[in-house]
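Colleague: If you want the building blocks of each chain, they are given just below.
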Amino acid sequence: GENVEQHPSTLSVQEGDSAVIKCTYSDSASNYFPWYKQELGKRPQLIIDIRSNVGEKKDQRIAVTLNKTAKHFSLHITETQPEDSAVYFCAASRGTGGFKTIFGAGTRLFVKA
Amino acid sequence: GAGVSQSPRYKVAKRGQDVALRCDPISGHVSLFWYQQALGQGPEFLTYFQNEAQLDKSGLPSDRFFAERPEGSVSTLKIQRTQQEDSAVYLCASSPQPASNQPQHFGDGTRLSIL
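In order, the protein sequence lines correspond to chains L and Z.
Position 100, counted from 1, in the first sequence is what the numbering used here calls 414; the numbers after and before it change by one each time, with no gaps.
Position 34, counted from 1, in the second sequence is what the numbering used here calls 296; the numbers after and before it change by one each time, with no gaps.
Heads up, some of the hints might be wrong.
What the hints assert, rightly or not - Ranges between beta-carbon positions, derived for each pair: (1) Z:Asp280 <-> L:Gly355: 37 to 45 Å; (2) Z:Gln303 <-> L:Glu329: 21 to 29 Å; (3) L:Ser340 <-> Z:Ala300: 31 to 39 Å; (4) L:Asp331 <-> Z:Lys319: 38 to 46 Å; (5) Z:Arg343 <-> L:Asn367: 45 to 53 Å; (6) L:Arg365 <-> Z:Ala315: 22 to 30 Å; (7) Z:Ser289 <-> L:Thr410: 22 to 30 Å; (8) L:Glu393 <-> Z:Val292: 20 to 28 Å.
The set of hints was computed from the structure by calculation and includes no laboratory data.
C-beta atoms are modelled at their ideal positions from N, C-alpha and C, and glycine is treated no differently.
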């Protein structure tokens with residue numbers, strides 16, 4: 315079945331360093347790849363997304379890259395801050411032929427001050 | 263404006279009881295999704311509504327799970343004869359467009375504990 319694998323499960327960085335989280339998806343029909351940030355006990359919130367017709371997208375300190383051939387996409391956070399500490403989820407979904415969004419298992423990011 | 267609202271925030275039930283979880287999506291949002299999130303895991307898709315039509319229920323784990331959205335706005339997820347493995351956070355999300363490849367707006371979830 316469809317799945318999304320996410321690595322690493324835990325990531326600890328020093329404030330100001332960069333953090334990279336990687337995901338691989340199995341459904342070649344996926345064409346939308348969002349990233350959500352979830353703080354403890356709170357709702358997931360969209361931080362950035364990318365569609366399959368684009369290879370890279372950037373929003374201030376956050377960027378996402380997509381390699382459709384390898385079915386691989388990554389989240390890059392630069393100049394990390396303590397408030398970036400949270401769990402990050404990647405996800406993949408199709409536009410047609412299905413309504414599921416498949417989430418990765420999450421990466422717990424710790425930014426040490 | 264108001265976001266997605268879920269109630270109750272916490273629910274404790276004894277094994278075998280029935281429970282009903284409510285989701286108020288953002289007004290005018292066509293799409294509504296239900297997810298189950300186990301501790302330390304990502305959300306797992308349960309079901310999808312486009313207005314009042316349940317177009318995908320492939321993620322419902324058993325026939326004890328039932329969802330409805332009769333007027334195309336508020337949705338209810340019902341779990342009958344609850345089991346301990348049903349303990350999880352149940353998240354609802356909505357989006358304005360009739361497709362899954364759009365940003366979803368999540369509620370805070372209902373944390374269900376089955377004793």
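Colleague: Taking the hints in turn, state whether each one holds.
Modeller: A quick look at each hint next to the structure:
Taking 37 to 45 Å as the suggested C-beta distance range, the pair aspartate 280 (chain Z) and glycine 355 (chain L) does not conform, at roughly 26 Å. For the pair glutamine 303 (chain Z) and glutamate 329 (chain L), the supplied restraint of 21 to 29 Å holds, since their beta-carbon distance comes to about 28 Å. Judged by the Cβ atoms, the range 31 to 39 Å given for serine 340 (chain L) and alanine 300 (chain Z) is violated: they are separated by roughly 21 Å. Aspartate 331 (chain L) and lysine 319 (chain Z) have their C-beta atoms about 44 Å apart, which keeps the hinted 38 to 46 Å range intact.
As the Cβ distance of arginine 343 (chain Z) to asparagine 367 (chain L) is approximately 46 Å, the hint placing it in 45 to 53 Å holds. A beta carbon spacing of about 25 Å between arginine 365 (chain L) and alanine 315 (chain Z) agrees with the range 22 to 30 Å that was offered as a hint. At about 26 Å, the beta-carbon gap between serine 289 (chain Z) and threonine 410 (chain L) stays in the expected band of 22 to 30 Å. Checking the proposed 20 to 28 Å range against glutamate 393 (chain L) and valine 292 (chain Z) shows it is violated: the Cβ atoms sit about 38 Å from each other.
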